[in-house]
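**Student:** Each chain, letter by letter, is given below.
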Amino acid sequence: MTGGMEEFHNGSEGSFNAEEADTIVKECIENVVGGGDYSQSQVNKWTASIVERCLTQLVKQGKPYKYIVTCAVMQKTGAGLHTANSCYWDTAMDGSCTVRWENRTMYCVVSVFAVATA
Amino acid sequence: MEEFNSGEEVVFNPDEISVSVKECIEGVIGGTDYNQSKVNQWTASIVEHSLTHLVKQGRPFKYIVNCTIMQKSGAGLHTANSCYWDTATDGSCTVRWENRTMYCVVSVFAVAVAL
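Residue numbers (our numbering), protein chains in the order written: chain A, 5 to 122; chain B, 650 to 764.
Extracted from the complex, chain B is given alone in its bound form:
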């Protein structure tokens, strides 16, 4: 945490995070088909890689990363989230990704740490 740039705005940047998360997803499941025996490893990998990238940015935030993978079979899936926090400094971003056989939804929540 000591590496963050002094004077830089402590505001969550969803666009940057979105790009980083998309790369993590592509890196883990890009080009693969849904596979029941591997999917647990995939979700764990995606959240772990995403979290590592976020922490590396060295910003004063706590993070929660959530990943859901669902097989494409016509079933309905709906998700919602609600947050009670400081809307000036905290934020979230959700990335939806899909290929021929599965959907992947990753949400990142960032809560500012009091300095």
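The following block holds chain A by itself, in its conformation from the complex:
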């Protein structure tokens, strides 16, 4: 595991704070694609940027979690898109949050899954 885990606050809440994660993710999305139109040549960079930024901000919180961040960006053309996820984990400590964002030309769906370590 990469370093940085030593900074977590002893005694802090032992469960995932979904609201905080929600705010972090929304800011990351806005910073990367806010105000832009769907662009086929840029979209790969965008999805990579979004997951990377979210992960960096989450890890900075210094909480004792492993994280998985997924991001899907879809052009608005009327096609149907459906996603589902299911998790087998410790429901007391682990958690997830999903943010759905859109503008005039595209949808963006980001999910964060946090799994408590030890």
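Calculated from the structure, these hints are not laboratory results.
Below 30 Å or equal to it, Euclidean Cα-Cα: the simulated DSBU-like pairs (lysine-lysine) are:
| no. | chain 1 | residue 1 | chain 2 | residue 2 |
| --- | --- | --- | --- | --- |
| 1 | B | K721 | A | K30 |
| 2 | A | K30 | B | K711 |
| 3 | B | K721 | A | K49 |
| 4 | B | K671 | A | K80 |
All values reported here derive from a predicted model rather than from experimental measurement.
Chain B: place on chain A using the hints.
**Tutor:** Chain B in isolation, oriented as in the chain A frame:
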């Protein structure tokens, strides 16, 4: 979880999982066309069946299974994921499947449980 083989490597095996997930997808939507009224049931079924198979293997992992189904209409869809974990024991695999009318992408993330 008590059924796992002692002494077996606690390492994620993406090939095995890939095969298992493909079977789940085929089992739920193989041979069907995109259908707006059914697609929610399909995504839920696929993640549920996949998760059940994974847990049955009895390995010491926590799992996250993600499924996306998109109608084929020429629209662009891009996905990315990034993980902060123990690269020695944890892992993921993504299966992409399609037929004439839809795409289905299933990702499995496995996080080792400290024993």
